[in-house]
Amino acid sequence: MTPSSSNVQETMLTIRLLEDRLQEMALQGRGADWHFNKGQEAISVGVCAALRDTDYVATHHRSIAHAVAKGVPLRPLLKELLTGRAGEMHMNFPEQRFMFSWQLVGTCIPVAAGMAWAVKDYLKTDDIIVVFHGDAATANGQWHEGMNLAAVQQLPILFVCENNHIAGNVRPEHYQPVATVSERVVGYGIETALVDGNDVELVQAAAERIVEWVRKEQRPYFLECDTTRLGRHKQGMGDLRSKEEMKTLALRDPLRNIMVAPERWAAIQEEIDGIIDEMEVS
Amino acid sequence: MTTTQTQARPFVRNRLIRDSISRATYDAMKCDPSIYLFGEGCEPKLHYDAPYILEEFPNRVTTLPISEDGNVNFCVGASLLGLKPVYDAISADFLYRAMDSICNTAAKLGFVRGQEPTIVIRAEFLTGGPTTGQRPEALFTHIPGLRVAVPSTPRDAYGLMRTALETPGVTLLFEDREIQDGEFEEDDLYLGEPVHFGDASIRRYGERGGPLVLTYGVMRQVVERALEGFERPRVIDLRSLYPIDWKRLDWCMSRHFQVLIVEPDIPYGGIGAEIVAQLAERFPATQFRRLGAKRETVSANPVAHAGLLPTQEAILDALIF
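Keeping their order, the protein sequence lines are chains G and B. No gaps in the numbering here: position 236 of the first sequence is 235 in numbering that gives the first Met the number 0, and each next residue is one more. No gaps in the numbering here: position 307 of the second sequence is 306 in numbering that gives the first Met the number 0, and each next residue is one more.
Just chain G, with the same shape it has in the complex (with noise of 0.2 Å):
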């Protein structure tokens, strides 16, 4: 189930837990090179609680806080994470309309215009498809090819940046000659939105708006969430960033204010631990 606006800091804690528990394991050796979302929560949450359940969802390679908030249960994803042929770069959960992780870099981007036709003039229904990408995706081909295919074919999609300002150790001057992604986009004649993507409630109510929007106008619409990566890029990659830096950024970690009783932390930890134990046994 899609969570509704009461639960969104149960499902960001979710998120937040249960990638804390992979990367303990990952550093004992015990799991993948997995990709974290530490610190960008808000948005995957944020955005799939404004999607019906028959909304479609595509993501990169950072993707299990993408699928934790379109509702992939908990065993099914930690199947995959854990003892899986795909991995956390090619899954999918069609049952939940979490339609892949891509892993290289841009290819989701007109792979989800690909599906977007397809709801549009095949299925012909009013859902519509959200597809999450980062900053650095906007340098590769593949984002401007499924820009211009979106645009072209007026697609009912979302793109959503998740603007980190970073890839893995590189900073934007290496990839981006502009300010915000948004100024990109603006040449595709696609209407854009900035928000700040580390205020869950910020996100969710632009994301109600647009997504609306993109159902009644069957056209593409752009949300730059800005963003802070808190982790390391992946587990078998230093962080070239200072403490000082890492200090500053977590001032804005988008679950430093939650309201979550205890029982039900308790619960989640409880759920993900159980889950992880169980299979790490079998």
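A few of these clues could be false.
Below, in silico cross-link-like pairs of lysine-lysine (PhoX-like), each with a Cα-Cα straight-line distance of 25 Å or less [as the list claims (entries may be wrong)]:
| # | chain 1 | residue 1 | chain 2 | residue 2 |
| --- | --- | --- | --- | --- |
| 1 | G | LYS233 | B | LYS246 |
| 2 | G | LYS215 | G | LYS123 |
| 3 | B | LYS293 | G | LYS123 |
| 4 | B | LYS29 | G | LYS119 |
Quick partial rundown of chain G residues pointing at chain B, CB under 8 Å, derived from the structure [unchecked claim]:
| # | residue |
| --- | --- |
| 5 | HIS89 |
| 6 | PRO109 |
| 7 | ALA138 |
| 8 | GLY140 |
| 9 | VAL151 |
Keep in mind the hints are simulated off the structure, nothing from the lab. As the structure is a prediction and not an experimental result, all values here were calculated from the model. All C-beta atoms in this analysis are idealised placements derived from N, C-alpha and C, irrespective of residue type, glycine included.
Model the placement of chain B on the given structure of chain G, informed by the hints.
Coordinates of chain B only, in the frame set by chain G:
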């Protein structure tokens, strides 16, 4: 007179194979409402090639921009929601622009999803020059998740296209512009039967103990021209380059001890090399020879371009083991 004109005007195209692929597409579209056509200049191209498709299915044909890689990814996305896209890349050379989406996206879907999509990517071997006359088919046979076919007759082109659209999988179907329309036998022109991937075609039965000639694409015609009047060689048109019809080839190995492979592509690292390697492991007493295109950049000069391929004389010379 007509023949002379055709030779003097390289832009006068052979079209029977293309027509049969269009006809197969049309017949399949009539049976299956989930088949949609996409491509650069897709509508204008159909206007000339198969206006009946545009007339009958105007909403199932979509013209895409010149963005090959994005276009294939777009088709992959559409396939995820139940469509069977046919992507017309126009030129085989343009597939290099889409290597990522073909090899990294489309080819992997069956594995990561546990269910093969049905996607057909069709392209033509042109006769233009350095980047408009290449034959990249062998590259794709290396990638798990793809099947590759180069039909040499209208009948096979029709049959392979029908199969590509009726059985799940990602297919690269190549159209060889150099195959001459005027040289088909009556049976080659019959359209209607499916041709399965991994099913080679015996063109001449030959004699037991005679040489076995394996070929495909335009070289099939050249081989048949060269061998006119010779009884002994058995000739097989591979048609499907992945999968290869190993069953039939292995069967032939008990009857033929000399194998000549004549391919239109560069032999280095090519289809013939793979066939020789595998057959030599299983049948070490067999003698093998290979003929193929020179490993050169394709010239824009028509004479130089034509000179890349093995000649009839070279084929006859190679048959004297």
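Structure-based check of all given hints:
For the hint pairing LYS233 (chain G) with LYS246 (chain B), the CA-to-CA distance comes to about 47 Å; that exceeds 25 Å, so the pair is violated. Restraint check: the Cα-Cα separation between LYS215 (chain G) and LYS123 (chain G) comes to about 13 Å, which is no more than 25 Å; the hinted pair holds. This hinted pair does not check out: LYS293 (chain B) and LYS123 (chain G) have alpha carbons roughly 51 Å apart, beyond 25 Å. Among the hinted pairs, LYS29 (chain B) with LYS119 (chain G) is consistent with the structure: their alpha-carbon atoms are about 21 Å apart, no more than 25 Å.
Given the 8 Å rule on beta carbons, the hint for HIS89 (chain G) holds: about 4 Å separates it from the nearest Cβ of chain B. This hint holds: PRO109 (chain G) has a C-beta 4 Å from the nearest C-beta of chain B, less than the 8 Å allowed. Because the smallest distance between the Cβ of ALA138 (chain G) and any Cβ of chain B comes to about 15 Å, over 8 Å, the interface hint for this residue is violated. Below 8 Å, beta-carbon pairs count as interface contacts, and GLY140 (chain G) has one with chain B at about 7 Å; its hint therefore holds.
Residue-level restraint check for VAL151 (chain G) holds (minimum Cβ-Cβ distance to chain B is 6 Å; threshold 8 Å).
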